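Asks: Listed here are the chains, written in short residue letters.
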Amino acid sequence: GENVEQHPSTLSVQEGDSAVIKCTYSDSASNYFPWYKQELGKGPQLIIDIRSNVGEKKDQRIAVTLNKTAKHFSLHITETQPEDSAVYFCGGDSNYQLIWGAGTKLIIKP
Amino acid sequence: EADIYQTPRYLVIGTGKKITLECSQTMGHDKMYWYQQDPGMELHLIHYSYGVNSTEKGDLSSESTVSRIRTEHFPLTLESARPSHTSQYLCASSKTPGTGGSGYTFGSGTRLTVV
Numbered sequence: 072g073e074n075v076e077q078h079p080s081t082l083s084v085q086e087g088d089s090a091v092i093k094c095t096y097s098d099s100a101s102n103y104f105p106w107y108k109q110e111l112g113k114g115p116q117l118i119i120d121i122r123s124n125v126g127e128k129k130d131q132r133i134a135v136t137l138n139k140t141a142k143h144f145s146l147h148i149t150e151t152q153p154e155d156s157a158v159y160f161c162g163g164d165s166n167y168q169l170i171w172g173a174g175t176k177l178i179i180k181p
Numbered sequence: 432e433a434d435i436y437q438t439p440r441y442l443v444i445g446t447g448k449k450i451t452l453e454c455s456q457t458m459g460h461d462k463m464y465w466y467q468q469d470p471g472m473e474l475h476l477i478h479y480s481y482g483v484n485s486t487e488k489g490d491l492s493s494e495s496t497v498s499r500i501r502t503e504h505f506p507l508t509l510e511s512a513r514p515s516h517t518s519q520y521l522c523a524s525s526k527t528p529g530t531g532g533s534g535y536t537f538g539s540g541t542r543l544t545v546v
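Here the protein sequences line up with chains A and B, keeping their order.
Numbering-wise, the numbering used here puts 161 at position 90 of the first sequence, and it's gapless, one number per residue.
Numbering-wise, the numbering used here puts 474 at position 43 of the second sequence, and it's gapless, one number per residue.
I should point out that these hints are in silico values taken from the structure, not numbers from a laboratory.
Keep in mind that a hint or two might mislead.
[Stated by the list, open to error] No more than 25 Å apart at the CA atoms, straight line, and that leaves these computed lysine to any residue pairs for SDA-like:
id: 1; chain 1: B; residue 1: LYS488; chain 2: B; residue 2: PRO470
id: 2; chain 1: A; residue 1: LYS142; chain 2: A; residue 2: SER123
id: 3; chain 1: A; residue 1: LYS142; chain 2: A; residue 2: LEU111
id: 4; chain 1: A; residue 1: LYS93; chain 2: B; residue 2: ASP490
id: 5; chain 1: A; residue 1: LYS113; chain 2: B; residue 2: SER533
id: 6; chain 1: B; residue 1: LYS488; chain 2: A; residue 2: LYS139
id: 7; chain 1: A; residue 1: LYS139; chain 2: A; residue 2: GLU154
id: 8; chain 1: B; residue 1: LYS526; chain 2: B; residue 2: LEU442
id: 9; chain 1: A; residue 1: LYS128; chain 2: A; residue 2: THR149
id: 10; chain 1: A; residue 1: LYS139; chain 2: B; residue 2: ARG513
id: 11; chain 1: A; residue 1: LYS93; chain 2: A; residue 2: LEU111
id: 12; chain 1: A; residue 1: LYS176; chain 2: B; residue 2: ARG513
id: 13; chain 1: A; residue 1: LYS180; chain 2: A; residue 2: THR149
id: 14; chain 1: B; residue 1: LYS526; chain 2: A; residue 2: LYS176
id: 15; chain 1: A; residue 1: LYS113; chain 2: B; residue 2: ARG542
id: 16; chain 1: B; residue 1: LYS462; chain 2: B; residue 2: SER480
id: 17; chain 1: A; residue 1: LYS176; chain 2: B; residue 2: LEU491
id: 18; chain 1: A; residue 1: LYS113; chain 2: B; residue 2: ARG513
id: 19; chain 1: B; residue 1: LYS488; chain 2: A; residue 2: LYS180
[Stated by the list, open to error] Chain B residues, not near chain A, derived (Cβ > 10 Å throughout):
id: 20; residue: ILE444
id: 21; residue: SER455
id: 22; residue: GLU473
id: 23; residue: LEU474
id: 24; residue: LYS488
id: 25; residue: ARG499
id: 26; residue: PRO506
id: 27; residue: GLU510
id: 28; residue: THR517
id: 29; residue: LEU521
id: 30; residue: SER525
id: 31; residue: THR527
id: 32; residue: GLY538
id: 33; residue: SER539
id: 34; residue: GLY540
id: 35; residue: LEU543
None of the values given here were measured: they were computed from a predicted structure.
Ideal Cβ positions, reconstructed from N, Cα and C, are used throughout, including at glycine.
My request is simple: use the sequences and hints to build the entire structure.
Replies: See the structure below:
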């Protein structure tokens, strides 16, 4: 079955700098990789996703890149702002279910 | 505007009580899931359903049970609450995609405290 590993567990960056969170997956049959943001006291919300037939996808300040050969994908946040502080989860699909990474706590320092 | 609703948002209950956490979605999604999560920590799948009258246990052993009598409703029941059940419970739903995977929509969660 699928196994998704996420790094780092905590990331602290200066406001305005970029943040990168990486995930690796094990199942070469996986072809859908979403990223979710969870703010304090709320459920996770989808912020961006990518399918295996695409190498990169951007939405304003966030982007996701996928390397199918190496089986890893990354979330990139540019020009970080205080409201980007949250826990971020990556996922990979397996048998129509999402397998989750362990989460990354992103801290934006003023 | 939320399309998946969880009630209650917060619950403090005594040991040994029976409780039911409610989850309803208005999107017509066939798949629904329950996760247990300590704040900011990993998501642990405890139950899932692929449709009416279908329920399965997840990866995390749980003393809870679920039912799926209607597409939109997926309640979770604890017959006898214990302090070890103190956690946040998240409900999610998704639709069966044509190909590949599909994103989940999460509710806001129920924060359960057993005293």
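Asks: State for each hint whether it applies.
Replies: Hint-by-hint comparison with the structure:
1. LYS488(B) with PRO470(B): 22 Å, holds
2. LYS142(A) with SER123(A): This hinted pair holds, its Cα atoms lying about 10 Å apart.
3. LYS142(A) with LEU111(A): Violated - the C-alpha atoms of LEU111(A) and LYS142(A) are around 30 Å apart, more than 25 Å.
4. LYS93(A) with ASP490(B): 24 Å, holds
5. LYS113(A) with SER533(B): Within the cut-off at roughly 21 Å; holds.
6. LYS488(B) with LYS139(A): 31 Å, violated
7. LYS139(A) with GLU154(A): Given pair LYS139(A), GLU154(A) is violated - Cα atoms ~31 Å apart, limit 25 Å.
8. LYS526(B) with LEU442(B): Given pair LYS526(B), LEU442(B) is violated - Cα atoms ~29 Å apart, limit 25 Å.
9. LYS128(A) with THR149(A): Distance ~14 Å between LYS128(A) and THR149(A) Cα, so the pair holds.
10. LYS139(A) with ARG513(B): 44 Å, violated
11. LYS93(A) with LEU111(A): OK: LYS93(A) and LEU111(A) at ~22 Å, within 25 Å.
12. LYS176(A) with ARG513(B): Violated. LYS176(A) to ARG513(B) sits at ~29 Å, over the 25 Å cutoff.
13. LYS180(A) with THR149(A): 14 Å, holds
14. LYS526(B) with LYS176(A): 28 Å, violated
15. LYS113(A) with ARG542(B): This hinted pair holds, its Cα atoms lying about 10 Å apart.
16. LYS462(B) with SER480(B): Between LYS462(B) and SER480(B) the Cα gap is close to 6 Å, so the pair holds against 25 Å.
17. LYS176(A) with LEU491(B): The hint holds at about 23 Å.
18. LYS113(A) with ARG513(B): 24 Å, holds
19. LYS488(B) with LYS180(A): Cα-Cα ~41 Å, so violated.
20. ILE444: Given that every Cβ of chain A is farther than 10 Å from that of ILE444(B), nearest at about 20 Å, it holds.
21. SER455: For SER455(B), whose nearest Cβ neighbour in chain A is about 14 Å away, the distance exceeds 10 Å, so it holds.
22. GLU473: Since the minimum Cβ distance to chain A is about 5 Å, GLU473(B) lies within 10 Å and the statement is violated.
23. LEU474: Violated: least Cβ distance 5 Å, not greater than 10 Å.
24. LYS488: 13 Å, holds
25. ARG499: Holds: least Cβ distance 16 Å, greater than 10 Å.
26. PRO506: PRO506(B) is indeed farther than 10 Å from all Cβ atoms of chain A, at 17 Å.
27. GLU510: It holds; GLU510(B) is separated from chain A by about 25 Å at its closest Cβ, greater than 10 Å.
28. THR517: 16 Å, holds
29. LEU521: Answer for LEU521(B): violated, closest chain A Cβ roughly 5 Å.
30. SER525: 8 Å, violated
31. THR527: Nearest chain A Cβ is 7 Å from THR527(B), so the label is violated.
32. GLY538: 5 Å, violated
33. SER539: 5 Å, violated
34. GLY540: 5 Å, violated
35. LEU543: At roughly 14 Å from the nearest Cβ of chain A, LEU543(B) sits farther out than 10 Å, so the non-interface label holds.
The structure does not agree with the numbered hints 3, 6, 7, 8, 10, 12, 14, 19, 22, 23, 29, 30, 31, 32, 33 and 34 stated previously, though it agrees with the rest.
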